[in-house]
Amino acid sequence: MNCQQARTQFVDYWRGTLEDANGEFDAHLASCDRCRAEAQDLRDLWGTMGQIPEQDPSLGLRVRFYDSLRAWRQQESERRRPFWWLRHPAFQTAGAAALLVLGIGIGFMVRGRDSTEVSQLRGEIYNMRQLVALSLLQQQSASDRLRGVNFAYRVEQPDPQVLSALLTTVNHDPSINVRVAAVDALRNFTDNPIGRKGLVQALAKQDSPVVQIEILDQIVELHDKSAVPEIQFLLSSKSVNPDVRQRAEWALKQLQ
Amino acid sequence: MYEASDSSLMQAVRDGDLGGLAVLFERHHRPLFNYFVHVNGNRELSEDLVQDVFFRMLKYRRTYQPDRSFTAWMYQIARNAHVDSISKRKFEVSLGEREFASTTKMDENLKRKQEVALLKQAMARLPMDKRELLVLSRYQNLKYEEIASILGCDIGAVKVRVYRAVRALGQIYFELAGEKAS
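Going down the list, the protein sequences come from chains A and B.
Going by my numbering, the first residue of the first sequence is number 74, and it counts up by one from there.
Going by my numbering, the first residue of the second sequence is number 9, and it counts up by one from there.
With the rest of the complex left out, here is chain B:
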């Protein structure tokens, strides 16, 4: 069965068919929600931001250019919404660690779960720009071209920056693992 592409749906929304936005919402609200949860650690705020992203899409729908990846455009809007929320709320990234604390207590004896919990804590300690880059590349599975478009840099720079972000995450993770082991 024929399924409309994101880009054609967004073009329809741009041209006044707002029903297309409902389809885009159904396709993307969960990944977007997880993007926000990964970068800010706050479920409630993340839901508000998902809502905000879709209404920014409506508001700025006439700026959508079909030759650009819809996903890249959407995450560009998501980044702006996130940055605005930080400036509005002076948000401090501490919730991820709080979440970690409760998670670790639940399953101390399960190695895999412990690793995941440790990783969440390491992610929460990572600087925002690096964390965001990892979320886009690892969790949202965006292509290098799309990340480059969102960040406004070339593909080579994206590869280097993702590598550096993983290395920085690794340093924090192994430090935390060392603290736990000692």
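Only chain A is shown next, with the shape it has when bound in the complex:
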């Protein structure tokens, strides 16, 4: 064994993992002062390296890890839900672009195509609007949900899913502006008994006078007499806002 071969064994020698069954390494060290000195000096150094204490990370590392893991799991489970991609901004941008292209396409095609194809295209646009409206109504941001309500106006063929999303928005959306807009958008669905009933039932669930007044106005506009018991129930409450009370009394007179 020469010096170069011996030096490649040094790390095993320091680690205590050297396999030197025929004693070649030991024999070389015994005969080579330079290798022996180097092996010894560096072995001490290797030992000292082991004395650098290990450090503990802060507790914050563990907290941050588990928080992030929880967030990741939530994201994953949302991805597994059907139509998760509807909520993805990339899809929404693509959807908007597709609508634009479809619109332009229709502009060019409408003159030369027969009415069947045009009605098919129109059907696709309705579907697209429904999808975009549904997806925007589920966004975190109130301005996105308002955009969703605006899309709901454009759904010319009233769709039960859009109606259901609008009623949920009227009853549960945290933003008053979004709720008021959703009440207004329900005008499209007043031919639907579920839409009319949902509007009337929403009256009692509202805590915002602005939304209550908007609903009362719409009930009067529709001249929906089935709403009378709901309005009377509202008036029976002592805590009802004075402006709402006044508008409710006016609405009752209009319906009689």
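Note that these hints are calculated values from the structure, not bench results.
No experiment lies behind these values; they were computed from the predicted model shown.
Any given hint could turn out to be false.
Unchecked claim - Partial selection, computed: residues in chain B whose CB lies under 10 Å from chain A: (1) Gln-19; (2) Ala-30; (3) Asn-149; (4) Tyr-181; (5) Glu-183.
Note that beta-carbon positions come from the ideal geometry of N, C-alpha and C, so glycine has one too.
With the hints as your guide, set chain B onto chain A.
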């Protein structure tokens, strides 16, 4: 009691059971943290990098191959995270020396502590590739096969490179010790 291997846990994570990652975190976050502290000397950055490693594992979990050592795969990711952090922050290895300065002042009279402090300073002055190799072989106690897998070389080359890294460390260490003695 039966204890799942790292590899089987990582396979479970790969197949969608993210809970396995929590067990892997509990097993490996401390050694990983010490790996980063040794190579960059910065505790805060090291914690960020540990976090980064575990989320890279999640992100790239489908690339995990069970026939390869989990530890080698993890340190491969750790190396990449470290390299990316250098390119992002243009990190200069000076913190290790700063840490050394404060440590030496604390225990000048204790020989052993002084040696350790001197060694930390020598480690901080060692080129990054050599320091990293020493951390993997000495502190993380990885097998030659695992280091070879991480570095993409054969076992013989790992042995030679570890030896050269120790020798380079020794040169700096003995120089520093000489400066102190003179």
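We went through each hint and held it up to the structure:
1. Gln-19: 17 Å, violated
2. Ala-30: At 7 Å from the nearest chain A Cβ, Ala-30(B) passes the 10 Å test, so the hint holds.
3. Asn-149: Result: holds, 9 Å to nearest chain A Cβ.
4. Tyr-181: Nearest chain A Cβ about 6 Å off; hint holds.
5. Glu-183: 13 Å, violated
In the structure shown, a violation is registered for the earlier hints numbered 1 and 5, in ascending order.
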